[in-house]
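Throw the hints in and build the complete structure from the sequences for me.
Quick note: the sequence shown uses my numbering, first residue 347, plus one each step.
Here are the simulated distance ranges between beta carbons:
1. L373 - Y419: 19 to 25 angstroms
2. V423 - A392: 21 to 27 angstroms
3. S370 - V430: 27 to 33 angstroms
4. R384 - F431: 40 to 46 angstroms
5. F431 - E383: 42 to 48 angstroms
6. L372 - Y419: 17 to 23 angstroms
7. P354 - L411: 22 to 28 angstroms
8. L394 - T362: 18 to 24 angstroms
9. L407 - P382: 21 to 27 angstroms
10. L357 - A390: 28 to 34 angstroms
Hints were generated in silico from the structure; no laboratory data involved.
We put the beta carbon where it would ideally sit given N, CA and C, even for glycine.
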Amino acid sequence: MTDRSIRPDILRWGWTLSSFLLLSYLLCVGFGLLFPERFHMHEAWAPLLPGFEWLTWRGFLAGALGSFLYGWYIAVVVVPLYAVFGREKRG
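Below, the structure written as structure tokens:
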């Protein structure tokens with residue numbers, strides 16, 4: 347994998363992971379609004395997403411943005427590492 351081929355992979359994985367994490371976040375918030383408090387996931391999200399507060403617009407948007415950015419962070423770190431460790435050794 348050359349340096350020129352890493353950028354499209356980062357973009358593809360960035361959008362994929364960010365969309366997945368944002369969708370998961372939205373589903374968990376929706377689940378929390380529909381089901382009793384003992385089944386809520388907001389206590390799991392709070393330590394992972396800075397600024398997240400349950401049932402405030404500011405907290406909701408902070409959680410959505412944080413979820414989306416985590417996907418890009420993972421893509422930017424993991425794709426180049428995968429490229430480095432996935433190289434075939436030629437002797």
